[in-house]
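If you read the protein sequences in the order shown, they are chains A and B. So the first sequence is residues 20 to 761, counted in my numbering. So the second sequence is residues 144 to 630, counted in my numbering.
If you are wondering where the hints come from, they were derived from the structure by calculation, not from laboratory data. A few of these clues could be false.
Below, computed lysine to any residue pairings styled on SDA-like, alpha-carbon distance capped at 20 Å [to be verified]:
#1 K667/A <-> S479/B
#2 K328/A <-> S212/A
#3 K667/A <-> W476/B
Derived contacts from chain B toward chain A, CB cut-off under 10 Å, selection only [as the list claims (entries may be wrong)]:
#4 P459
#5 R460
#6 Y461
#7 V464
#8 S465
#9 W476
#10 S479
Built from N, CA and C at the ideal position, the CB exists for glycine as well.
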Amino acid sequence: MASRSNRRRSSRADGRSRRAAAPVNARRVRLPMRWLLPATLLLAVTAMLMLRGYVHSEILADYRIRSETAADRVPDEIIEGGPVIDTRGGKNAGLSVPRQRLVLTFDDGPDPMWTPKVLDVLKEHDAHAVFFITGTMASQYPDLVKRMVREGHEIGLHTFNHPDLSYKSESGLDWQLSQNQMALEGAAGIRTSLFRPPYSSFPSSLDNASWPVVEYVGSRGYLTVLNNTDSEDWKKPGVDEIIRRATPKNGEGAIVLMHDSGGDRQQTVDALDRFLPDLQAKGYKFQNLTEALGAPSAHTPVTGAELWKGRAWVFLVQASDKVTGVLVVGLAIIGSLVLARFGLMLLLSGAHARRVRRKNFRWGPNAPVTEPVTVLVPAYNEAKCIENTVRSLVVGDHPIEVLVIDDGSSDGTARIVEDLNLPGVRVIRQLNAGKPAALNRGLANARHDIVVMMDGDTVFEPSTVRELVQPFADPRVGAVAGNAKVGNKDSLIGAWQHIEYVMGFNLDRRMYDILGCMPTIPGAVGAFRRSALERVGGMSDDTLAEDTDVTMALHRDGWRVVYAENARAWTEAPESVQQLWSQRYRWSYGTMQAIWKHRRAVVERGPSGRFGRVGLPLVSLFMVVAPLLAPLIDVFLLYGLVFGPTQKTIGAWLGVLAVQAICAAYAFRLDRERMTHLVSLPLQQILYRQLMYVVLLRSWTTALTGGRLRWQKLRRTGVVEAPGAFPQQRTADSGSERRPVG
Amino acid sequence: MTAHEYGRADGTPPLGMPAAPGSAPGPRPEPGPAPWPYGDGEPYGDTYAGTAVWPYGDRGQSQDRGPGEVRIPAQKTVTAETAGGASGGTTGEAEKPARPGRDRYLDLLRSVALVRVVAYHLFGWAWLTVLFPSMGVMFALAGSLMARSLERPALSVIRSRVRRLLPPLWVFGALVMGLLFLQGWNPAKGPDTGGGFWSMVSVFNYLVPVGAPPYPVSIGSGAGLLESTWAEQAAGPLWYLRAYLWFVVASPLLLWAFRRAPWPTLLFPLALTAVVGTGLVTIPGETGDAVQDFAVYGSCWVLGFAHHNGMLKQIPRYAAVSGASALMAFGLWWASGHLGPGGWNLNDIPLAQATWSFGIVVILLQYSPSWQKLPGRLARWDKLVTLSNNRAVTIYLWHNLLIMATVPIIDQVYGLPFMRSGTASSWLSTTYVLWQFVLIWPLIGLAVLAVGWIEDLAAKRKPRLWPNGPNGSSRGRAGTRADAHHG
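Using the sequences and the accompanying hints, generate a full structural model.
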């Protein structure tokens with residue numbers, strides 16, 4: 020997402036904003052707040068995804084199945100006894116179903132597709148059955164559980180997520196049972212005392228590994244319900260075969276094992292539809308277990324805290340499913356937006372490059388522009404850099420007048436410039452009043468009609484000014500954006516910003532140029548027609564991003580704003596995370612303010628309306644809305660890594676990375692940059708991008724929670740409380756002691 | 144007992160203790176000539192012809208240099224002073240020879256690595272090997288110091304290194320062998336050593352560890368204070384001494400190769416790991432272990448050379464970190480496909496261990512800030528860092544034996560009156576390892592008091608009981624200087 024990138028370098032106004040916002044000490048207290056909302060949001064989303072992964076058995080699922088072992092420790096009366104095992108209170112009883120009674124049991128459900136069909140068939144033939152449900156399925160489809168109970172069926176536990184219980188400790192067993200009960204409580208408001216262990220079969224198949232489970236579960240008050248007639252319907256042997264296997268011999272009673280979940284159960288449903296009337300005709304009754312045994316119901320209604328705990332659980336699971344659905348839609352949107360934007364960028368920036376690099380390309384009828392121009396250098400405490408800045412200007416190959424506007428520096432910036440004694444360089448001093456005020460003062464003192472603006476810490480190439488003003492050959496052009504470049508690009512954070520700048524300038528700015536909606540003239544290198552600026556009232560300190568503000572105002576006034584790729588200016592990018600944070604916060608919040616300030620353009624007529632209906636939505640979409648969805652990529656990356664399919668997730672991520680790399684490489688090629696810095700692109704994607712959208716989230720937070728108030732206050736502070744306007748940000752940036760400003 | 148089994152025991156004594164004064168890295172290369180016209184009137188020329196170039200000159204990672212200082216004489220003096228005061232070591236030692244020499248950043252790394260080793264051997268958590276690859280870090284630090292020492296004649300350096308290593312080992316070995324022979328161990332007959340003549344010879348590895356010292360996998364009844372695997376637990380980590388010894392001996396050759404062909408020398412051990420550490424080629428026995436260890440940690444050792452001669456700092460940081468990350472990603476990927484019985488225990492996965500360690504060491508040394516003293520909150524650890532650095536060999540040699548010693552001590556608690564109840568004793572059982580981790584440090588302290596001074600004797604220094612202060616270390620430096628002359 021190297022979208023919003025580079026515009027201005029001036030990281031000072033953010034210092035101003037902070038100073039205005041709160042005194043130094045208070046800021047430390049407030050620090051957690053800026054993280055609170057984004058962090059909470061991210062945590063909530065992650066928790067929801069965890070929950071979803073969990074109930075969908077994508078994590079923590081235990082697929083081990085123990086093979087049969089010796090059975091010498093299983094009591095004989097159990098092995099030879101009936102399928103309903105009662106070990107409560109030290110008993111060892113195997114109960115059987117009386118003759119002419121048949122208890123149908125369905126395992127592993129409820130299933131959204133097949134359980135309703137099974138229930139329909141049962142209802143049609145007035146049959147009751149027992150459903151052994153899993154906690155995961157019951158949490159997801161609570162309505163089906165409710166229907167089972169309503170229609171007279173009995174519910175049994177089949178554990179939470181169907182592990183082989185012989186691998187579980189006692190606490191593990193307890194957990195499986197209580198989670199399953201909780202899901203049942205939430206779904207139907209009851210508890211049950213029936214239980215069937217996963218992978219169970221006839222009582223004669225109990226062995227030394229599974230018997231302790233039955234014993235333990237009995238000690239917890241459950242009846243263990245195995246079966247003595249297996250329909251083997253999960254093998255899908257055909258309707259006839261299912262009926263044959265499920266039919267007991269000689270009118271004996273039976274507990275029949277069937278499944279209503281875990282795959283295509285059409286055969287089961289069809290078999291039931293014939294099986295039920297056939298056996299009913301033979302005198303069989305289809306009853307639930309306690310009816311068949313003549314025992315009191317296995318269900319106990321729950322009330323109070325237990326009930327609400329269950330309901331809360333079911334609600335959360337439902338919500339997590341919905342949230343995930345929404346997230347997937349969001350991911351699809353962001354995915355297509357990203358791809359569309361890349362496509363558009365490649366297409367339009369290619370077109371732009373072709374156009375301005377044509378052999379006989381002319382900006383307009385007045386080409387070439389040779390008239391002298393004024394260069395405004397607003398400076399606040401730039402003692403370290405100002406000499407380089409000014410010297411780089413005077414060796415330029417275009418006639419210029421340099422105006423250094425010293426905004427109340429305390430480090431002798433003005434004196435340094437004056438001592439240089441360079442021809443054509445003037446110093447204007449003012450009391451500290453902020454960057455917009457300094458620029459306006461410079462404008463008032465400028466002798467020429469074309470005004471170049473730059474930062475006090477930026478260095479121009481000799482040809483920069485000439486290249487920058489050529490587009491004014493077209494009388495419709497009101498402003499020109501130059502090509503700001505990162506100088507300190509060999510550090511890691513510098514390389515990341517370098518990539519961001521090159522992509523941002525080359526692709527974004529070219530695209531916006533073609534579309535006629537360039538959102539920002541970078542403060543580090545830009546040129547304006549003074550007459551155009553005067554029409555829109557000069558620089559304004561309404562927003563934190565005066566450069567975006569004025570650019571939008573020019574668009575609305577009908578001026579063209581274009582990009583001059585060869586007008587390169589070298590700036591020093593922030594080298595600490597904290598400085599970067601404040602710079603980007605100012606950019607993104609300032610952009611939001613500017614968009615908000617110019618919102619009326621949407622409904623206006625003429626050029627203003629054109630910008631309002633094309634430029635503003637585009638800028639909002641790409642710079643404010645789309646990055647908001649960008650965290651989804653990382654959330655799903657994590658989800659995929661943890662819950663799998665890990666390989667595919669990594670593959671998809673690498674695919675997106677490849678697309679980014681192609682775009683970046685194209686941008687580097689257009690800008691004739693060495694490709695070596697692109698090796699830091701993968702790391703940028705997993706460390707830097709996140710920082711950028713957290714900044715954006717914070718801007719949103721500010722905007723939505725009283726940002727306007729702060730803005731008003733800020734405005735007053737910037738103008739009135741002079742010393743606060745340009746705090747020591749600059750010194751901190753370039754000085755040997757790189758401390759972030761308090 | 145605790146589960147500190149080590150397929151390949153991990154741990155690292157910082158055997159390469161600072162041996163010479165002024166461990167600040169040598170003079171950093173000056174930034175390249177600035178293609179900038181203003182200072183010296185050099186024209187732009189074709190600097191901007193093809194590709195766009197930062198006109199400030201190659202600023203690299205010189206964060207401590209403002210962009211102005213290269214060109215403006217007035218600024219230059221200012222920054223020179225700042226640099227001298229704040230980020231010492233960058234301006235070269237010739238100007239300020241009196242500056243104390245220990246690089247506290249490297250010291251801190253060594254201490255962290257030691258703590259990690261002890262924690263790993265106690266808790267047995269595999270992920271600790273991913274969190275901080277102690278071995279790689281330690282070998283890299285040792286490699287860096289070795290490279291510096293090798294500015295002196297190679298033979299004397301090797302002799303002095305070996306001499307500093309052996310006496311502490313002899314004391315430790317005497318105790319272990321004494322106990323073993325008391326329990327009736329006969330290396331000539333034992334099933335573990337193969338028996339015969341060569342098994343007898345292998346016992347001499349306790350004198351000079353050209354191979355890993357032998358030990359029986361199981362000895363004694365296990366009924367007494369020592370459980371039957373104690374020898375393996377105590378002597379298992381000694382393989383490190385063999386690896387260290389071979390690195391020291393090979394260093395003159397490695398350094399020679401590194402000076403001629405830095406990149407191949409740096410990457411050769413990694414390539415070797417890909418051959419001998421993946422089952423492609425299997426060398427049996429002790430030789431195989433030795434070759435594999437050499438391969439796995441060889442690149443880290445050579446990285447120490449690269450750190451010492453400044454090569455690492457010359458690589459742009461973005462490139463170094465990105466490359467290292469890519470290598471680490473490969474290591475993780477490789478590990479994910481070759482998980483051993485211990486899961487993500489990199490000690491069982493040579494290629495993953497080699498690449499992961501290499502990557503982390505590159506990043507740690509690339510950022511290496513050359514602290515004169517521990518900054519900020521770290522300052523409170525200053526004495527412990529000093530102590531653990533001065534007694535690193537002792538700590539490494541003895542820690543595993545001491546871990547076992549915690550068991551009978553903590554078992555005494557079960558006899559206390561209030562431990563009669565089931566809940567109290569089960570509570571103690573669940574938190575047992577935690578108490579071991581608490582108890583191990585005082586025990587290590589006792590070991591330092593008891594046998595630590597041997598390290599001083601080995602280095603021909605005046606023996607000290609508890610060298611945790613600046614006084615001691617300055618005396619230590621005096622000693623090592625003498626050492627340099629004598630050795």
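We went through each hint and held it up to the structure:
{"no.": "1", "hint": "K667/A <-> S479/B", "result": "holds, 15 Å"}
{"no.": "2", "hint": "K328/A <-> S212/A", "result": "holds, 19 Å"}
{"no.": "3", "hint": "K667/A <-> W476/B", "result": "holds, 14 Å"}
{"no.": "4", "hint": "P459", "result": "holds, 4 Å"}
{"no.": "5", "hint": "R460", "result": "holds, 5 Å"}
{"no.": "6", "hint": "Y461", "result": "holds, 3 Å"}
{"no.": "7", "hint": "V464", "result": "holds, 5 Å"}
{"no.": "8", "hint": "S465", "result": "holds, 4 Å"}
{"no.": "9", "hint": "W476", "result": "holds, 9 Å"}
{"no.": "10", "hint": "S479", "result": "holds, 8 Å"}
The structure is consistent with each of the numbered hints, conforming to all of them.
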